[in-house]
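Number of protein chains: 2
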Amino acid sequence: MEKRFILLVTFLSVVMIAMAQPVSDSDTSGSVRSEYCVRGAQYPRITPEHRAQFKVVAPEAKLVQIDLGKKYDLVRNEKGEWLGTTEPLGPGFHYYFLIVDGVRVADPSSESFYGCSMHTSGIEIPYAKDVLQYELADIPHGEVRMKRYFSKTANAWRRMFVYTPPCYEKSEKEYPVLYLQHGGGEDERGWVLQGRTDIILDNLIAQQKAVPMVIVMCDGNSQDFTAELLNDCIPFVEENYRVKKDRSHRALAGLSMGGIHTLNTAIPHPELFAYVGVFSSGWWAKAPMPGLMKMDTETYYSLLQEKKDEYNASFKEFWISMGGKEDIAYENCRIMRERFDKIGIKYTYYETNGGHTWPVWRESLYQFAPLLFK
Amino acid sequence: MEKRFILLVTFLSVVMIAMAQPVSDSDTSGSVRSEYCVRGAQYPRITPEHRAQFKVVAPEAKLVQIDLGKKYDLVRNEKGEWLGTTEPLGPGFHYYFLIVDGVRVADPSSESFYGCSMHTSGIEIPYAKDVLQYELADIPHGEVRMKRYFSKTANAWRRMFVYTPPCYEKSEKEYPVLYLQHGGGEDERGWVLQGRTDIILDNLIAQQKAVPMVIVMCDGNSQDFTAELLNDCIPFVEENYRVKKDRSHRALAGLSMGGIHTLNTAIPHPELFAYVGVFSSGWWAKAPMPGLMKMDTETYYSLLQEKKDEYNASFKEFWISMGGKEDIAYENCRIMRERFDKIGIKYTYYETNGGHTWPVWRESLYQFAPLLFK
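Top to bottom, those sequences are chains A and B. Quick note: the first sequence, position 242, residue 242 per the working numbering, numbers continuous. Quick note: the second sequence, position 300, residue 674 per the working numbering, numbers continuous.
Hints are computed from structural coordinates only; laboratory data are not their basis. A few of these clues could be false.
What the hints assert, rightly or not - Label-pair ranges, simulated between beta-carbon atoms:
1. A/206 x B/616: 19 to 27 angstroms
2. A/247 x B/700: 55 to 63 angstroms
3. B/616 x A/159: 21 to 29 angstroms
4. A/60 x B/500: 30 to 38 angstroms
5. B/502 x A/350: 52 to 60 angstroms
What the hints assert, rightly or not - Straight-line Cα separation of at most 30 angstroms, BS3-like style, residue types lysine-lysine; simulated pairs:
6. A/346 x A/308
7. B/436 x A/55
8. A/62 x B/453
9. B/716 x B/681
10. B/748 x B/583
11. B/618 x A/173
12. A/71 x B/436
13. B/429 x A/62
The beta-carbon is built from N, C-alpha and C at its ideal position, and this holds for glycine as well.
Could you build the full structure based on these sequences and the hints that come with them?
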């Protein structure tokens, strides 16, 4: 009986939440609900100064914290609610964690996102108004398709996400294709949910800043990413979607771990990719990376040295971006660029502020996509 | 420096997890990792008797519990790990919560699912082998598309998921369409992630038990679901997908709250739907449902009474399913069926065990879909 009662109360409360009149999004101090609040939640909130405000009901806990890169101890009130306000945050997506008596979890008030090898919470700080970059706008929208495929490399069913541009469904054309990889601790969802790939591309295409393209987002957590991409993903995509099949209409890019995957795949295979994007990444200068690196870094540099002119002629764009000096990959990338300079490999370098974070990677995609397939 | 160090350690650890050799899925006792474990997690595990085993590292917590409908207190060992094993669980998907010192959260070791008005965890108990129902198989697969649309009813951008069958992409045919609604505390993701709609339909279609169809899964958390469906979703789907546009190729079904939405929409609009499915639901016999009900229940019964013969002639299938007496909607449904019987409204009733849970709703879809569009 007890179980049925709990279920009934749960059912009633969720129906009541579902049906409740929407609560005003702003309070008297001008703060607004995070757009990732789950239905019925009033926190986290965002103040006009872009501080995040948290309230967690935890009367029995000893210590409740928020980890947003920086840790904040929340303060308990007499009702057993724990409250806190952060420093101002930059625009865009930020991962955060709730820590309850030392246990790091996702905030039950918030949408969850797979990152940092677990389901974390996310908060979205508004961008400047009226700039058609990262926000959903009243323009034609493409779609993102969840597609299952059998990977011979992994000997398992896997999932990819495929962005198709607004014009795809009703045309019979073939489109160029960008393979776009997430970072470590993330998966194929990263570029869709945290990265807003579809929104960014829809916005760029509507403004004719980028040509319509298909974007394929695979799970890079593979024992052999290059084999997975070349032997499984690309043949599957070319069989199942209307994409052009030559190198001049094929691009590869990735962030962080996905940037290393990109380098490790594109450098030995310039015959496959005319465009290469490396976001917040770089071959590791000092530490070896067993598992991630199939060849020693020097082998790649030798390849580049040996066929320098071919590489410079064949890559229509070799684009490297970095989230400023606070990006954890900055030093590796700097050393890699020095080696490229010494060899004479041409590349474009784009630096922005923000560190090793999604706002930087969204901006990287926003800057990189317009350079493709023109 | 501290923040960079934390980020670097996080980055290294996630790369190491991502790159690690896969750990054996089974231990000496024969238990296996839950298929929803995040990468690197070894718990929850499932024993051969289909018990779930949990291990949560929480040295500073006073009380750690698992809530699977029934609450289990985990037991702390000297390392600060909390362990516990549940009773045997039935096959299929079960929501569960981790409770740390009274705070109900999702388990950081597990995939998260939006249900019960928050991100909960899920555990999947294996089905009997070699039965092509709910498990991914080596057959042709359709896809699920995430599509944004502007809802005039909500005056907001919303998202729907659209399942297209395996043959859709390469044909020019128009397909019949089922509009399929989630329950209270869930959203448009429910039927995709918890419900495995694409797997169920791919399996049914491969066995020629169901005809290829498009399935549209909208967010039913709306102030006026009927208006949202009729004025926004259906016109958008008919404009953007190759679907047939007559009532005999249009079905509406939903579970729990979605079943009430289905009744409230299909009964006043038999001219729009030839097939109706009501899973684990029924008009509420006693309590009023402000918000959810636009009309008094008696108004619907009067409609049915008045046009009994028309309803019986026009619904090719009016299908009602129930998760046994332990289903929280059982009594409402029973009373509703009594009213239907008294009026003389024809319907098919299907009862199975399992209560108000996803295994029952998957089975409902598996039983209902083959009846459609034949």
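Here is how each hint holds up against the structure:
{"no.": "1", "hint": "A/206 x B/616: 19 to 27 angstroms", "result": "holds, 24 angstroms"}
{"no.": "2", "hint": "A/247 x B/700: 55 to 63 angstroms", "result": "holds, 60 angstroms"}
{"no.": "3", "hint": "B/616 x A/159: 21 to 29 angstroms", "result": "holds, 24 angstroms"}
{"no.": "4", "hint": "A/60 x B/500: 30 to 38 angstroms", "result": "holds, 36 angstroms"}
{"no.": "5", "hint": "B/502 x A/350: 52 to 60 angstroms", "result": "holds, 55 angstroms"}
{"no.": "6", "hint": "A/346 x A/308", "result": "holds, 9 angstroms"}
{"no.": "7", "hint": "B/436 x A/55", "result": "holds, 21 angstroms"}
{"no.": "8", "hint": "A/62 x B/453", "result": "holds, 20 angstroms"}
{"no.": "9", "hint": "B/716 x B/681", "result": "holds, 14 angstroms"}
{"no.": "10", "hint": "B/748 x B/583", "result": "holds, 10 angstroms"}
{"no.": "11", "hint": "B/618 x A/173", "result": "holds, 24 angstroms"}
{"no.": "12", "hint": "A/71 x B/436", "result": "holds, 22 angstroms"}
{"no.": "13", "hint": "B/429 x A/62", "result": "holds, 21 angstroms"}
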